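Protein chains in written order, with the working numbering: chain X, 219 to 601; chain D, 219 to 601.
Note that these hints are calculated values from the structure, not bench results.
The structure displayed is predicted, hence computed values, not measured ones.
A few of these clues could be false.
Since the list gives no way to pick one copy over another, a pair counts as held whenever it fits inside one copy or between any two copies.
[What the hints assert, rightly or not] Below, a list of computed lysine to any residue pairs in the SDA-like style, where the Cα atoms sit at most 25 Å apart:
id: 1; residue 1: Lys486; residue 2: Arg396
id: 2; residue 1: Lys374; residue 2: Ala319
id: 3; residue 1: Lys588; residue 2: Asp513
id: 4; residue 1: Lys401; residue 2: Asp446
id: 5; residue 1: Lys374; residue 2: Ala294
Number of protein chains: 2
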Amino acid sequence: MTTPFSDLTTPALLLQRDRLVRNAHDALARAHHLGVMLRPHFKTAKSVEVAQLMLGQNMDRMAVSTLPEITMLFAAGIRNIRYTSPFDPTKLNGLQDMLRAGLELEILVDDRSAIEAISNQADRLRVSVGLIVEVDVDGYRAGLPAQGDVLSSIAKSITDAPGISFVGLYSFAGQTYRLADRKDRQALIERHRATLVSFASALEKQGLPCATLGIGSSPVLADAVHLDGLTEVCAGVYCFQDLTQAGIGAAQIDDLAVSVLATVTQRKSDDGRIFIDAGGLALSQDRSTRGQSVDQGYGLVCDALTGRPVGDGDIIVARTSQEHGVLMRRDGRSAPAELFPIGRRVRILPNHVCMMAAAYPAYTVIDGDKSAERWERATGWTL
Amino acid sequence: MTTPFSDLTTPALLLQRDRLVRNAHDALARAHHLGVMLRPHFKTAKSVEVAQLMLGQNMDRMAVSTLPEITMLFAAGIRNIRYTSPFDPTKLNGLQDMLRAGLELEILVDDRSAIEAISNQADRLRVSVGLIVEVDVDGYRAGLPAQGDVLSSIAKSITDAPGISFVGLYSFAGQTYRLADRKDRQALIERHRATLVSFASALEKQGLPCATLGIGSSPVLADAVHLDGLTEVCAGVYCFQDLTQAGIGAAQIDDLAVSVLATVTQRKSDDGRIFIDAGGLALSQDRSTRGQSVDQGYGLVCDALTGRPVGDGDIIVARTSQEHGVLMRRDGRSAPAELFPIGRRVRILPNHVCMMAAAYPAYTVIDGDKSAERWERATGWTL
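Work the whole structure out from these sequences, hints included.
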């Protein structure tokens, strides 16, 4: 049964199937071209149907950010799952049954005390997990210092401890999000690649081979010139893309597959403010485009049917409160009243799609002007 | 069955029962003292168990911000429910059965075209709803201009239209959130009160009596000197309180009843950053204390058991990404490493509790150092 747009309750999380299919297909082709495996990150999608499109023929490996994502993927038959968020060892308690039933869990680590705690807990539960050591190449967030002696000492300590095994190295090229010039991103990616390959070679000489040598971020997948010597690229946001990715040129506006459908509900005659029924909860309060050359406020306003920006492409959600959004031009002038009659439906494109999507239990999947399917999302943190 | 803190999976949304009970009780006493009915707003709590504490003996009236909140309250026996968010008339479609089964729905309105659209849809569905006209006294957000001729013209148009009836006036004193001096808040509240009473008197003379004359915001409840002539005060955040309310002096830190339980997972030896497993999704990206005299970052770090601020009370979540939070001192210096061993549990107090709680499907209710109950929340926007 299909539902026309006009019958959907707003706000609703829309997923445009044709754009998702194209993004997922292009990413698999890019990884193939680069000669590495693609490990899709599930932190963005959190939907089995999306995972199947992201994996294509290779239904074997994913990365996740929460425990409910593991449950959803393991139930769908995916065995090799990498946990990339901060990992408290008590999380292993809820994973015991899956680990005994064939779950191959890999955990990203960068702290000696944390590694000992994971080893102790895994040993106590009589389960086994693989550890990937995160290397901090660009100072973006987490990771151990990119120093050979530090890494070989850690790799050896993992190999010697019970309940855990050393699987390889990973670096997250998070600074690619902040570089608006593709050449700068390519230079940074090459620095990550060369660093990882050099450390892996040194570790191998010490009898500590890296089964996996991975790099991450969607811009890496889009922009890398080559990834010779690496085995994997890990990326997630590429399946939907967002305004932050478009702002650095790693995506086009026409690639954006997820948006929030909202309705114009009020217009203020005195100052021209136009209200929609989607605010800080429905859109998230993410402002990742604030530091970019085009500030998209809390999201870019598009036509509900075509998905293309309204008017001159300069109408944004300028302000939010919990359930109210206010539309204005990007320069602070009023949005043209004639474009926004009461009851008009609009789509709001996200700054950061992972944050926007998190407020919804499911996607409303759309094909043209109809919605036909609802795809559940793995929400929250507890099993 | 009770669960000790150490066995909870993190991040988890904690609700400290004794503080909630005290906040709810104090609010009922305040409203009684002020001689008005309390209409608790459900946008913050979204839990039947919390609503019962907020309502006390008066299980009859609530305000809501979403459709799922209506379903939850109506199932619990509450009939008179006011919808205060932007209202698209197609939302009436999903409410038909409840309206025919006794739901008394009141909708906040401030736009002539929107009122016509609600009337048309209600008439088409053969249901009836009450309309409350929102008056913009302080320029905070929505509402019609505070002009007698505008208000009487709107009230008359509501009275004359099918499917809808005129119930009264409401003003949201949102600017109270921005005033750090209680005397300033009291002066603003008095301006709201006097404006509403004067308009209601004029409307009554024109044969348009206000059955309800209401004012909103938790600081109104806490600070009003008197509310003579009004019938209701509407407030929601008071049941849990948050750092934004504490920042203006409308609450104490010891009143805050909701927090996120998180675990220290990593420490960076080079620059002293300490990571927890709660980031922008688990804490929200709300930064409402940024403009206040004490900037609490993404939340204030407290001891897991006592709920009191750690160390000198100056440790905050200084940075977040999707699932990572970074602890630092408020002045940008490193947090003391000895306070944060790997595995330590901490509670993070919220800037804006409505935003933080929204990421969770349920509260973990705590009594002392044990959790015994899980209270479900009404999430999302669709029925």
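Each hint, compared with the structure:
1. Lys486 to Arg396: between (37 Å within a copy, 22 Å between copies)
2. Lys374 to Ala319: neither (28 Å within a copy, 69 Å between copies)
3. Lys588 to Asp513: neither (31 Å within a copy, 46 Å between copies)
4. Lys401 to Asp446: Classified as within: same-chain Cα gap 18 Å, cross-chain 67 Å, threshold 25 Å.
5. Lys374 to Ala294: neither (35 Å within a copy, 59 Å between copies)
In terms of the numbered hints stated before, the structure departs from hints 2, 3, 5, listed from lowest to highest.
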